[in-house]
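Between the sequences and the hints, there should be enough to build the whole structure, so can you do that?
Under the working numbering, residues 86 to 156 are what the sequence shown spells out, in order.
Hints in this document: simulated from the structure, not taken from any laboratory. Be a bit skeptical, because a hint or two may be false.
Claimed, not checked - Only pairs whose alpha carbons sit at most 30 Å apart, straight line, appear in this in silico DSBU-like list of lysine-lysine:
1) Lys-103 / Lys-139
2) Lys-124 / Lys-150
3) Lys-130 / Lys-153
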Amino acid sequence: MDIINNALEFEQRKQSFKTTSERIEASREVKNLILSLNKIYKEEKDPEIMDLMKRLTVIKQKIEKRLKGRP
Numbered sequence: 086m087d088i089i090n091n092a093l094e095f096e097q098r099k100q101s102f103k104t105t106s107e108r109i110e111a112s113r114e115v116k117n118l119i120l121s122l123n124k125i126y127k128e129e130k131d132p133e134i135m136d137l138m139k140r141l142t143v144i145k146q147k148i149e150k151r152l153k154g155r156p
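Right, dumping it as structure tokens:
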């Protein structure tokens, strides 16, 4: 359950990534957390884990939107 604690901590962390490298690191970190949570979810089928994955996915999408910039 350490992964769940890490995911909750990431979610509570201040989300102000000033540099591109910080955004890339955060995007990779949240991706790894989501994939790890997905493995746990496949075994346990806990709806709280699914909700956590959904919230992390929203954060990841916001980070990636900033990385890609405006067209």
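Now the hints, each set against the structure:
1. Between Lys-103 and Lys-139 the alpha-carbon distance is near 24 Å, which keeps this suggested pair within the 30 Å criterion.
2. A distance of roughly 26 Å separates the Cα atoms of Lys-124 and Lys-150; the hinted pair therefore holds under the 30 Å criterion.
3. As the CA atoms of Lys-130 and Lys-153 are separated by approximately 33 Å, the hinted pair breaks the 30 Å bound.
Hint violations for this structure: number 3 only, all remaining hints satisfied.
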